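Just so you know, the sequence shown maps onto residues 1 to 310 in full-length UniProt numbering.
Since the hints were made in silico from the structure, they are not lab data.
There may be inaccurate statements among the hints.
[As the list claims (entries may be wrong)] In silico SDA-like cross-links for lysine to any residue, where the CA-CA straight-line distance does not exceed 20 Å:
1. LYS122 - GLN235
2. LYS74 - ALA268
3. LYS74 - GLN235
All of these numbers come straight from a predicted model, not from anything done at the bench.
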Amino acid sequence: MSASRTKAPRRRRAQWIETRAALLFISPWIIGFLVFTAWPVINSAYLSLTDYDVINDPNFVGFDNYAQLFEDPKVGLALRNTFVFTVLSVPAHIIVSLGLALLLNGATRATGFFRTAFFLPKMTPPVAVGILLLLLFNGQNGLINGFLGVFGIDGPAWTTDPAWVKPGLVLMSLWTVGSSVVIILAALRAVPQELYDSALVDGAGWWRRTLRITVPMISPTLFFLFIVNTINALQSFTEAYTAFFGSGNTTYSNDAALFYAIYLFQQAFEFLHMGYASALAWLLFLVIMAITGVQMLVTRRFVHYEGGQP
Numbered sequence: 001m002s003a004s005r006t007k008a009p010r011r012r013r014a015q016w017i018e019t020r021a022a023l024l025f026i027s028p029w030i031i032g033f034l035v036f037t038a039w040p041v042i043n044s045a046y047l048s049l050t051d052y053d054v055i056n057d058p059n060f061v062g063f064d065n066y067a068q069l070f071e072d073p074k075v076g077l078a079l080r081n082t083f084v085f086t087v088l089s090v091p092a093h094i095i096v097s098l099g100l101a102l103l104l105n106g107a108t109r110a111t112g113f114f115r116t117a118f119f120l121p122k123m124t125p126p127v128a129v130g131i132l133l134l135l136l137f138n139g140q141n142g143l144i145n146g147f148l149g150v151f152g153i154d155g156p157a158w159t160t161d162p163a164w165v166k167p168g169l170v171l172m173s174l175w176t177v178g179s180s181v182v183i184i185l186a187a188l189r190a191v192p193q194e195l196y197d198s199a200l201v202d203g204a205g206w207w208r209r210t211l212r213i214t215v216p217m218i219s220p221t222l223f224f225l226f227i228v229n230t231i232n233a234l235q236s237f238t239e240a241y242t243a244f245f246g247s248g249n250t251t252y253s254n255d256a257a258l259f260y261a262i263y264l265f266q267q268a269f270e271f272l273h274m275g276y277a278s279a280l281a282w283l284l285f286l287v288i289m290a291i292t293g294v295q296m297l298v299t300r301r302f303v304h305y306e307g308g309q310p
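From just these sequences and the hints, can you work out the full model?
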């Protein structure tokens, strides 16, 4: 009895030493999180209740900034543009990524080279992608319309016609599908080969094997990418800002490319309405949380897990 009582404090002491060592190792991350993430989030919640222009001290105004959100027509425009871009870009991103991953999975040679080649555009700085958009999608002498002209197709005014601004941005967003391709390819390699062998014995073709085996087996990965890409699309900023707001050219259809994050940036750093910008940021946070929650509830029922648990 005494021996067991002696071992208990020793065990607790050993556990405390291990816990202290673990906390010491992750302390740089904890400090960075508290200083650069947690504190700015808490401070922005306070600033959203103030009238603050960076120069003068914050002036508490309560929920006036949030009331202004419902009266500002630019907020509705920016949200609408962002939602349209998200609805167009996320499915396109997933479909293209899945198609390229299936091609790579079926390749027998140079798979590593093509995997690297598809991923490299992801390393392109977003500002460069925005400039590249203007070069490729220029309505008069852009490369895309030049290519379409070879087939006698009169290409649209991608950067000046409001109806084509967001489709052009969606097409340009496909430049960075490389990371999703690599993730889906890893999921494809984990699908048991016996399932395909059994399907072949039953006479199932490629298309049926893809729909009945491949997609269900990699559905957790597709679900993950669907959530992540939706969040990224709702926060789209750099490429659209560089192409339509940072070039100094006022001939472009800026309103059609006014995404929510761009309007938030303008309010904060161009007009110095930091309090109002903080309220905009919290509204975006709530929108993302709501959309993610709906996706979790609706989409997970279509996700297949090998263990049988959702």
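Hint check results:
Between LYS122 and GLN235 the alpha-carbon distance is near 17 Å, which keeps this suggested pair within the 20 Å criterion. Only pairs whose Cα atoms come within 20 Å are accepted, and LYS74 paired with ALA268 is accepted, the gap being roughly 14 Å. The hinted pair formed by LYS74 and GLN235 meets the criterion: a straight-line CA distance of about 16 Å does not exceed 20 Å.
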